[in-house]
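Student: Sequence:
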Amino acid sequence: MKIDIRSLKSSEVSRLQYLPFGRKETHRRRFMLQESGKLIFFVAWWDNLPVAQVLLNWEGGDASGVPPQVRPWPEVSSLFVHPDYRRRGVASRLLDMCERITFQRDYVNIGLCVHVANQPALNLYARRGYRDAGWDPYLAQGVYVDSNGGRSNWRELRVYLIKSFGKGI
2 MKIDIRSLKS SEVSRLQYLP FGRKETHRRR FMLQESGKLI FFVAWWDNLP VAQVLLNWEG
62 GDASGVPPQV RPWPEVSSLF VHPDYRRRGV ASRLLDMCER ITFQRDYVNI GLCVHVANQP
122 ALNLYARRGY RDAGWDPYLA QGVYVDSNGG RSNWRELRVY LIKSFGKGI
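Residues in the sequence shown are numbered from 2 upward in steps of one, following the numbering used here.
Don't read these hints as lab results, they were simulated from the structure. All values reported here derive from a predicted model rather than from experimental measurement. Do not rely on the hints blindly, as some may be mistaken.
[Unchecked claim] Computed cross-link-like contacts, EDC-like style, restricted to lysine to aspartate or glutamate with a CA-CA straight-line distance of at most 20 Å:
{"#": "1", "residue 1": "Lys25", "residue 2": "Glu60"}
{"#": "2", "residue 1": "Lys3", "residue 2": "Glu13"}
{"#": "3", "residue 1": "Lys25", "residue 2": "Glu36"}
{"#": "4", "residue 1": "Lys25", "residue 2": "Glu13"}
{"#": "5", "residue 1": "Lys3", "residue 2": "Glu26"}
{"#": "6", "residue 1": "Lys39", "residue 2": "Glu26"}
{"#": "7", "residue 1": "Lys39", "residue 2": "Glu60"}
{"#": "8", "residue 1": "Lys25", "residue 2": "Asp147"}
{"#": "9", "residue 1": "Lys39", "residue 2": "Asp107"}
{"#": "10", "residue 1": "Lys3", "residue 2": "Asp107"}
{"#": "11", "residue 1": "Lys3", "residue 2": "Asp48"}
{"#": "12", "residue 1": "Lys3", "residue 2": "Asp147"}
{"#": "13", "residue 1": "Lys3", "residue 2": "Glu36"}
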């Protein structure tokens, strides 16, 4: 398996439109946030095909409902692996990249939020050392716009998880 994980380049933004995790405008907006230094937009490429994404947000905890104490550390968000490429280690490779860079920048924690009923994700994060932050679950909600411009409201109860690096990763 040949997986290449790298931060998104300007010339690659339009190639992401074929994946079901957002519209071209969403990818372009996230790329601009990367250019401003607020986050890193990682994409996993399998034989030159984009199959997964994750955002590493340096300001952390910007979702409504996340307690303000989250702000001191980076946060992983928008982790998505195309269904045809799940259970192949792609999500772990993306998390490896986020954790390594966070540790290299001298942060001691990294956080993320996850739907309380997303058991496969909860299992993955637990295996990787993420623990419940101890805060009450919170309701996240928004509007999803699909690739055809269709809009739908979404709501989910989320829990916040933290991984502490201690002396290393």
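Student: Confirm or reject each hint.
Tutor: Do the hints match the structure? See the list:
| no. | hint | verdict |
| --- | --- | --- |
| 1 | Lys25 - Glu60 | 23 Å, violated |
| 2 | Lys3 - Glu13 | 18 Å, holds |
| 3 | Lys25 - Glu36 | 16 Å, holds |
| 4 | Lys25 - Glu13 | 11 Å, holds |
| 5 | Lys3 - Glu26 | 28 Å, violated |
| 6 | Lys39 - Glu26 | 18 Å, holds |
| 7 | Lys39 - Glu60 | 7 Å, holds |
| 8 | Lys25 - Asp147 | 10 Å, holds |
| 9 | Lys39 - Asp107 | 17 Å, holds |
| 10 | Lys3 - Asp107 | 30 Å, violated |
| 11 | Lys3 - Asp48 | 6 Å, holds |
| 12 | Lys3 - Asp147 | 29 Å, violated |
| 13 | Lys3 - Glu36 | 27 Å, violated |
Checked against the numbered hints given earlier, this structure breaks hints 1, 5, 10, 12, 13; the rest are met.
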